[in-house]
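Engineer: From just these sequences and the hints, can you work out the full model?
Going down the list, the sequences are from chains A and B.
Quick note on the numbering used here: the first sequence kicks off at 1 and runs consecutively.
Quick note on the numbering used here: the second sequence kicks off at 1 and runs consecutively.
One or more hints might be untrue.
[Stated by the list, open to error] Here are the simulated lysine-lysine pairs, DSS-like style, with alpha carbons at most 30 Å apart:
(1) A/Lys281 with B/Lys164
(2) A/Lys234 with B/Lys98
(3) B/Lys281 with A/Lys98
(4) A/Lys108 with A/Lys234
(5) A/Lys397 with B/Lys234
(6) B/Lys281 with A/Lys281
(7) A/Lys225 with A/Lys397
[To be verified] Stretch-level coverage of chain A by chain B, calculated; a stretch enters the list once three of its residues show a Cβ under 8 Å from a Cβ in chain B:
(8) 79-87
(9) 322-333
Simulated from the structure, these hints should not be mistaken for laboratory data.
Note that the coordinates shown come from a computational prediction; the quantities given were computed from them, not determined experimentally.
Note that the Cβ used here is the ideal one computed from N, Cα and C, for glycine as well.
Number of protein chains: 2
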Amino acid sequence: MAYTATSMNISMIPAFLIGGGVDDGLNVPLTLLIVFGAAKLLAEAFEWMGQPGVVGEILAGVALGPGLLGWIAPNESLKTLADLGVLFLLFRVGMEMKPSELIRLGGKATGVAVAGVVVPFLMGWGLAAWYGSRMIEAVFVGTALVATSVGITAQVLAARGLLKEKASQMILAAAVVDDVLGLLVLAAVSGSAAGEFDWRKLLLTSGLAVGFVLAALFWGAPMMKRVGPVLDRKMRAAESQLTVAMVALFALSVLAEFAGVAAIVGAFLAGMILAESASEKIRDVAHGTTELLVPFFLVSIGLQVDLHAFSDPRLVWVTVALTVAAVVSKIAGCGLAALPMGKKDAWRIGVGMVPRGEVGMIVAQMGLAAGALGRPAFAAVVMMAAATTMVAPPLIKMAFAGVAPAGEKAEEVLRLG
Amino acid sequence: MAYTATSMNISMIPAFLIGGGVDDGLNVPLTLLIVFGAAKLLAEAFEWMGQPGVVGEILAGVALGPGLLGWIAPNESLKTLADLGVLFLLFRVGMEMKPSELIRLGGKATGVAVAGVVVPFLMGWGLAAWYGSRMIEAVFVGTALVATSVGITAQVLAARGLLKEKASQMILAAAVVDDVLGLLVLAAVSGSAAGEFDWRKLLLTSGLAVGFVLAALFWGAPMMKRVGPVLDRKMRAAESQLTVAMVALFALSVLAEFAGVAAIVGAFLAGMILAESASEKIRDVAHGTTELLVPFFLVSIGLQVDLHAFSDPRLVWVTVALTVAAVVSKIAGCGLAALPMGKKDAWRIGVGMVPRGEVGMIVAQMGLAAGALGRPAFAAVVMMAAATTMVAPPLIKMAFAGVAPAGEKAEEVLRLG
Chain A
1 MAYTATSMNI
11 SMIPAFLIGG
21 GVDDGLNVPL
31 TLLIVFGAAK
41 LLAEAFEWMG
51 QPGVVGEILA
61 GVALGPGLLG
71 WIAPNESLKT
81 LADLGVLFLL
91 FRVGMEMKPS
101 ELIRLGGKAT
111 GVAVAGVVVP
121 FLMGWGLAAW
131 YGSRMIEAVF
141 VGTALVATSV
151 GITAQVLAAR
161 GLLKEKASQM
171 ILAAAVVDDV
181 LGLLVLAAVS
191 GSAAGEFDWR
201 KLLLTSGLAV
211 GFVLAALFWG
221 APMMKRVGPV
231 LDRKMRAAES
241 QLTVAMVALF
251 ALSVLAEFAG
261 VAAIVGAFLA
271 GMILAESASE
281 KIRDVAHGTT
291 ELLVPFFLVS
301 IGLQVDLHAF
311 SDPRLVWVTV
321 ALTVAAVVSK
331 IAGCGLAALP
341 MGKKDAWRIG
351 VGMVPRGEVG
361 MIVAQMGLAA
371 GALGRPAFAA
381 VVMMAAATTM
391 VAPPLIKMAF
401 AGVAPAGEKA
411 EEVLRLG
Chain B
1 MAYTATSMNI
11 SMIPAFLIGG
21 GVDDGLNVPL
31 TLLIVFGAAK
41 LLAEAFEWMG
51 QPGVVGEILA
61 GVALGPGLLG
71 WIAPNESLKT
81 LADLGVLFLL
91 FRVGMEMKPS
101 ELIRLGGKAT
111 GVAVAGVVVP
121 FLMGWGLAAW
131 YGSRMIEAVF
141 VGTALVATSV
151 GITAQVLAAR
161 GLLKEKASQM
171 ILAAAVVDDV
181 LGLLVLAAVS
191 GSAAGEFDWR
201 KLLLTSGLAV
211 GFVLAALFWG
221 APMMKRVGPV
231 LDRKMRAAES
241 QLTVAMVALF
251 ALSVLAEFAG
261 VAAIVGAFLA
271 GMILAESASE
281 KIRDVAHGTT
291 ELLVPFFLVS
301 IGLQVDLHAF
311 SDPRLVWVTV
321 ALTVAAVVSK
331 IAGCGLAALP
341 MGKKDAWRIG
351 VGMVPRGEVG
361 MIVAQMGLAA
371 GALGRPAFAA
381 VVMMAAATTM
391 VAPPLIKMAF
401 AGVAPAGEKA
411 EEVLRLG
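Structural biologist: Here you go:
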């Protein structure tokens, strides 16, 4: 019985969906249908035009959101599905990388990540200062340009079976380092903004973050190899392997947050740790769940875009300039640092690090809340973050053009046609 | 970067999780870990004791909820995952049944469902009236005893590979009819409660519900067989089959709600319609998503139980009596109607229809909101609904003892050991 639907009719859908507060997610199936359906419809349209489907899915969020149709507002239900989706995406991506590989790439990846943090920070700061921002605002704009949101790139590469490429592995490794660096920059900046910059606290923060990543990297996989089979033998409930994998995924995501890095870094490490012991079944579940939930992650990014903010034409130009700076600075920073790997791979790595996505948006929200960012700068940063996620996929597609899907993905991509 | 976690420390977890309002689901990974982990831990404990894991997962909800630890309160995030979980559960279960089979069983299933509605309604009404309830309260208590919540039974049967059994198929068919009947009883009862009982409206409601189910049943599968391959050929985005299946699932769930029946009935019908054309891949995704999300559905049921309500010993006795009436009346009603199928199957069908779960709870909430149910009766009905979901699984396990898993599930169950 659909008790909740008795007083509802078709014309009420939009108002019913937006609703905020009490009604949030009341009608779960309707939200699922509209968000998933719209995302896939636009993805299909973009694939027809030879463009990556991800961009269509983000634009579906823009269309459904307050900017255009106003049918859906960001709410807890969507946030939950989006968060779960991006956790599974990085979990699945982590399964394509060996811990030993990440360790091997560590040195070079750090170089790429550092260059990809310093150049964007300086360009963002400079641009904002040149435009007349106060010091603290300029610093926050620079900070928003720092952190790569690796989810978008991961989705584009995974959909094309390119995760095993040398450049892809470097992007993933650099993204982990980038996240730790981003944490430090933000800790330093928000500490300064609050007038309580503390070197010891910063050292502790960075120690915790680095320690967590290294511990998971060096001890995670061997521990899993020892504990996994024992649990599997002892547990009586069905699907014990799946249960262990999911608990590992959620636990590492939580630990990552406690250590100060993003939950998705924990999810990525969990995937890597489980990669060798995971059965085909767990891979299928991770893959299926990702396919189901990633549209909610992409739509959520689009929902943050409020086109009304751009009735002021000057703001349009600032946003365009900021987006150009965001794209150019990451390509220049990461690309130059990766040049020893060859021009082609350097270009691939550069464009792979371009998306800022939800990470840039969170920095913007913190800046707004702290009074460091004004409304116009906030709108420009949010739009920049969304724009980079839409600019990057076609660039990534071009950069990897002609590369055949490799490894176990090849079969799948071929089968899917 | 885990921006949201910077101001959090371990001792804050419980308060942070409960939070209500703004903080709902802020920390998605932590909620996922605690709910999923606790559910699976108790499931494991119950399997060790030879009891069905589902009961452990519901009890995990009782333990985490306001009744005991108070770590988690029902919130939008959990509701979304629970709703999605039970949709996938019924979708997956639907794939185990052919439309032709449901049509063939229609007549007998209607007999079983009618008996399973009339007997519990009268027993619930009688018991409440005997205890001194007002007329309207007694009628609502009777109504809460009507509708079977087929999710629990489906999960127990699916986990044991028993969905293809004759008795299982009859349970599923009867549950669909039961849901339509439940809708009518509730429409009549709430109409009367509001003093606006209207025969024409009731006829329209029932016509819409029956029409939806019949249309999906007779036209769904042939239409899917014709449209599916065309879409598959024309669509360019990866995983087009999966996209089509998910859109069908969500669309039928929404249509079901508009037609007045439960979203899960739509999900069940979607599974049935897709059963023959669905690839192994879609089955795997449906299976994996179910395994991942069903614990959230089970925990959500447990979260509704507030043990504090039972500080009044008289209420304990009322609840026990109501639970006994709920169990006995369904077994008697459905079992007697199914007696021509043989004693064994009649018993299996009877116990399979026992769980009231979330459906009984929703009726209770409507009764409370309408002022028809007093606080004590509300608490007793909610507890009855939870208790039936915990009493049923061991009974179902016993009733099906010795039956070997059949069909394609056999292999899986054997593989999982």
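Engineer: All hints, please: hold or fail.
Structural biologist: Going through the hints against the structure:
1. This hinted pair checks out: A/Lys281 and B/Lys164 have alpha carbons roughly 23 Å apart, not beyond 30 Å.
2. For the proposed pair A/Lys234 and B/Lys98, the alpha carbon gap of about 37 Å is over 30 Å, so the pair is violated.
3. Between the alpha carbons of B/Lys281 and A/Lys98 the distance comes to roughly 26 Å, so the proposed pair stays at or under 30 Å and holds.
4. As the CA atoms of A/Lys108 and A/Lys234 are separated by approximately 42 Å, the hinted pair breaks the 30 Å bound.
5. Our distance criterion of 30 Å between C-alpha atoms is met by A/Lys397 and B/Lys234, whose separation comes to about 22 Å.
6. This hinted pair checks out: B/Lys281 and A/Lys281 have alpha carbons roughly 11 Å apart, not beyond 30 Å.
7. Among the hinted pairs, A/Lys225 with A/Lys397 is inconsistent with the structure: their alpha-carbon atoms are about 36 Å apart, more than 30 Å.
8. Beta-carbon proximity to chain B at under 8 Å applies to 6 residues in the segment 79-87 of chain A; the threshold of 3 is reached and the given coverage holds.
9. Here the segment 322-333 of chain A counts 0 residues with a CB under 8 Å from a CB of chain B, which misses the bar of 3, and the coverage is violated.
The earlier numbered hints that this structure contradicts are 2, 4, 7 and 9.
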